[in-house]
Amino acid sequence: MDPLTALGLASNVVQFVQFASDLVNTAREVRRSSSGCTDSILTLDTLYGELNDFNSELLSGRDNASSYLNGPGSKSDKNTTSLRTLSLLCQSDCEKLLHVVRDLKVQDGSRGRWQSFRTALKSLWKKEDIEELEGRLQRTQMTMTFHICALASHAQEINACRLMQLQAESNRLQFDQSVKIDRIIGALDDFQQCIKLVQDANPKSSPSVQEIDSLEQHLSGLSLSQKTVEKEQKVLKSLGFDARPVRHTSISEAHQRTFRWAYEPDKNAPAAAAFLPTWLKQGNGVFWVSGKPGSGKSTFMKFIADEPMTLDFLSEWSGPRRSVISSHYFWSAGTAMQKSQHGLLRTLLYGIFRQCSELIEPVCESMRLSMEKEEDLLQWSLPTLHAALRKVACWETTPVQLCFFVDGLDEYDGDHYELCQVLKDVAKSPNIKICLSSRPWNVFEEAFGNEARNKLYIQDLTRNDILEYIRCRLYEHPRWSALATKASQGDLLIKDIEKRACGVFLWVFLVTRLLREGLTNRDSFMDIRRRLESFPEELEIFFRQILESVEPFYHNKMSTTIQMAIAAKEPLHAMAYGFHDQEYEEEEYVFGIPVQPYNPEEEQELREETAWRLNSRSRGLLELNPQSGTVTFLHRTVLDFLRTQEMSTFLAGKAPSRFNLAYSLLKVYTSMIKRTHFEEQLVRQDFGAYKDCYLQYLTTNALACAVELEESDTPTTMTYKIMEDLDRTILKKFSHLKKLGRGQTRSGFFREQLIKGQHMGYLGWKLPKQSDYLSNLGPSLIPCILVPEGAHGKPILGQVWRSCGTEMLRLVVETQDIDPNDEQFNTDPRRSWSGWTTLISHITTWTRGANPVAEEQFWDLLEGNIISKLLERGADPNIMIWSSHLECWPAFAAYLNLAFEVPSDLAKEALYIQVLRDFLLAGATMDTSHTEFTNRSIQERLGKTVKIASSSKKFFNRLHNIHTVDPLTCNFRLLAEVLDMLLSNVVNDEDMWIMATVKTAVETAFPPDICALLKNRYSAIKWVNRADGRKRRGSPGLEKGFNKRQESFREAF
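This note's numbering puts the sequence shown at residues 1 to 1053.
Possibly wrong hints are sitting among the right ones.
Claimed, not checked - Listed below are the simulated SDA-like cross-link pairs for lysine to any residue, each with C-alpha atoms no more than 20 Å apart in a straight line:
1. Lys-126 with Ser-92
2. Lys-756 with Arg-728
3. Lys-96 with Leu-59
4. Lys-196 with Gln-141
5. Lys-281 with Ala-271
6. Lys-267 with Pro-277
7. Lys-947 with Leu-886
8. Lys-721 with Leu-767
9. Lys-234 with Glu-680
10. Lys-122 with Val-24
Derived by calculation from the structure, the hints in this document are not laboratory data.
What you are looking at is a predicted structure, and each value in this text was computed from that prediction instead of being measured.
With the hints as constraints, model all of the structure from the sequences given.
In structure tokens, the structure reads:
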């Protein structure tokens, strides 16, 4: 609803009114002919053309503004005629004036000239009509200032409201668009002043065209500026993902007064302490921060990236350009995006664009930015992300210098060597440098460890930081001052802790936490000393000691809780652990969970309870993230340790005897779907494939647990009942979701994924009980049962089929009421397809020995009785399938053509004949009239070059030319049997033309013995008589006749 279009219509009205008023009231000579005319003389042809232009502009202007005129912004004062009505009156007057000019052109005037248009008008109109026209024009002039100012004011309100929304979104995204937004604010002020000037200058007359044009230009500029800001926000949102800030938030803040050496190295500090500040000020390329597990690398990287002094140091390197920092924190325990190259590049670009909105347009100019709908966001593939980052790196007029901080390369889930190369290539740009951190693995030593001054090992530099941290942690406890009566006692203990830590901050954190517990328990100083000496210096042994200190009462829940956290692909929400606790009270609790999201108070209470329970069961090795509500491990080293075989055995020994991890997680994920409020849009990308969202994540993980249960040979009816409950839950949830992608049905979300995941156990249990379970999945169902994925259109069966594809398809066609002819329609019949045409088209393309994969798939489908079942369920045997862009033939013709490819194998021959019988029973015809009618219809739409080959002509032509083929490759026995079955199916006089064709084909194709047998069975007289009284196709009598004839023919051989 754009007021700019209405303003354009108002301009059209003003221009017409001024023109018509001048025309009626100005004494300007009018002539029929232009011969000898000067510019001051008006000709009828010119006048007619101008009026006709006004008429067209009024009509198109009203059409363009119709959505606005029908909206709330178009309401006029109750005493004022609406703009729509005014435009209609002006158009009516324009048409009347056009009629006048047409009459004048054919009227005998005073030698074809008039002193003025008013004089000419008097010859055709009454005085009252002329005065009425003048009055209308005058009234319109007087009201147009009101309309135009009202329109402009409403436009001002709309744009002010839109600006507020853009500002709010910019603030939410922490997006630096201040320059553009300030310009819009200034433009809104200018527009307001322009409205006031127009209003003050025209109290009783309409504004000039120039004034209206000025308003339109102001409004157009405003709209364009706001669209630019909105597009930039959409680009930024498309790069973001839910888990993007989670890892940064979860990393501990650096303790006060630690890591200051990174900016102000102490004179007694190791030389390496000066390497990083020097690199920040002067260096290029890559700087590598390495260190032991738990030595504080992530905390250090977060500190450096967030510390304002870093930008001060970088400004010396960037010179007059602005320094911009963008950072990413890999996390092996996080989501797939948090540990992928995709996530790295999206995060870095997000950080760049968030601070440098001016780079969005030049970097993304080659990408599709016409995103008209709110949900239309750019899709970023890995090549697209690389291309965008290369553009940033190579942009000659880039107004910034970029410094990236990338933490945890060892937590990247991919090829580390490839990642190193990507980062080194990026850092070759003179506009970019990168600070990286990782454990000191060989691949990183090889890639980044060769420059001594461009690396540091953090445990060599943090001795004073660790001492400071220990002092603060112990000194701040209220009992420390009373316990350490001598300062030297406390200092010695603190130094001893630092020495034992060997630069590992995590060990210090755990030790000081346990020592503070001792202080709270009123331990003596010697007790504190003995506690310290009892702590292992190796983290792994320390972790085990912590777990063994858990009260035996909690051992069962400790074990199962930790096993769940380890098994989860991404950190689980606190509610998952709440549901798991219910399993100890009621094993099948999942069926009692309501399909209703938690309210904020319930969720907060759940988080608080979970935090307490995690502390008692894991002693702090698992902790709750207060921002996201997810449960994570204290540190990556904890997860690495718990994944060892030794700890797997330890945890298994503490678990209840009947505990099944996959079964427990299946119940947890199902319960989470019931109690979660899903805000994201669910977008279907392909069959069983949806854009990443939380519902998709939970469903995928639930189904993965079901697969694990099926593969372990332990699925039970209860497992399948939970999956059935999950299906019902998702159907109920769909009432709260936004519109889905094209082709999606309410039932499709879960059931398509059952097909894609080959859940044969559940499908075998469910499908026989519900014949319409898969009925609404559309034409993609049949091909997508066989192939892993489609291509946003017709699925391609030429790829490798699923391992259980044929078995699953047999199950579906035997149990489900599906329509094989359900079509994906297209106005071009070559692009229309159904599951049946896709399948039959693929399996009939092989020739013997040339395409063994398709040949094997063909026999698999025949052996599984799948083609016969599809025909029984109504598959059209005469449906057209396209063998090329210019030729198609019936499905039956394609199947019949394979008779020439079937090898001399009695079992395969019998299979082929059986399915041929089923084709004929389903109504397959040799009649050419159907083909001719379809041929005419298609040629009318696609042209004469497109043709259809009939089943009979295709078969008999090939049979006629069989003498050109090596006789040893021909299965004459099968071909004769096929011919016998076809001839026995000739029932109409229209089919009798086949007889003439058969005679030549039989004599040419077959050896004398077969030829004689066929002639004996089908003599001309007998043939004619056989047409009388024959049973109808598809009847039980015909089926019986086929069987009897087939037996007798085989006996004859």
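Subject >> Hinted pair Lys-96 and Leu-59, Cα distance within 20 Å >> reply: holds (15 Å)
Original post:
Holds or violated: Lys-196 with Gln-141, Cα cutoff 20 Å?
Top reply: The hint holds at about 18 Å.
Original post:
Lys-126 and Ser-92: Cα distance at most 20 Å?
Top reply: holds (17 Å)
**OP:** Please work out if Lys-947 and Leu-886 have their alpha carbons no farther apart than 20 Å.
**Re:** With a Cα-Cα distance of about 6 Å, the restraint between Lys-947 and Leu-886 holds, given a limit of 20 Å.
**OP:** For the pair supplied as a hint, Lys-267 and Pro-277, confirm whether the alpha-carbon distance does not exceed 20 Å.
**Re:** Holds, because 14 Å separates the two Cα atoms, which is no more than 20 Å.
Subject >> 20 Å Cα cutoff - pair Lys-756, Arg-728 >> reply: holds (19 Å)
Subject >> Pair hint outcome, Lys-234 versus Glu-680 [Cα-Cα no greater than 20 Å] >> reply: Holds, at roughly 16 Å.
Original post:
CA of Lys-721 to CA of Leu-767, is that 20 Å or under?
Top reply: holds (13 Å)
Original post:
Between Lys-122 and Val-24, does the CA-CA distance stay at or below 20 Å?
Top reply: holds (10 Å)
Subject >> Hinted pair Lys-281 and Ala-271, Cα distance within 20 Å >> reply: Holds, at roughly 17 Å.
This entry satisfies every hint, going by the numbered hints stated previously.
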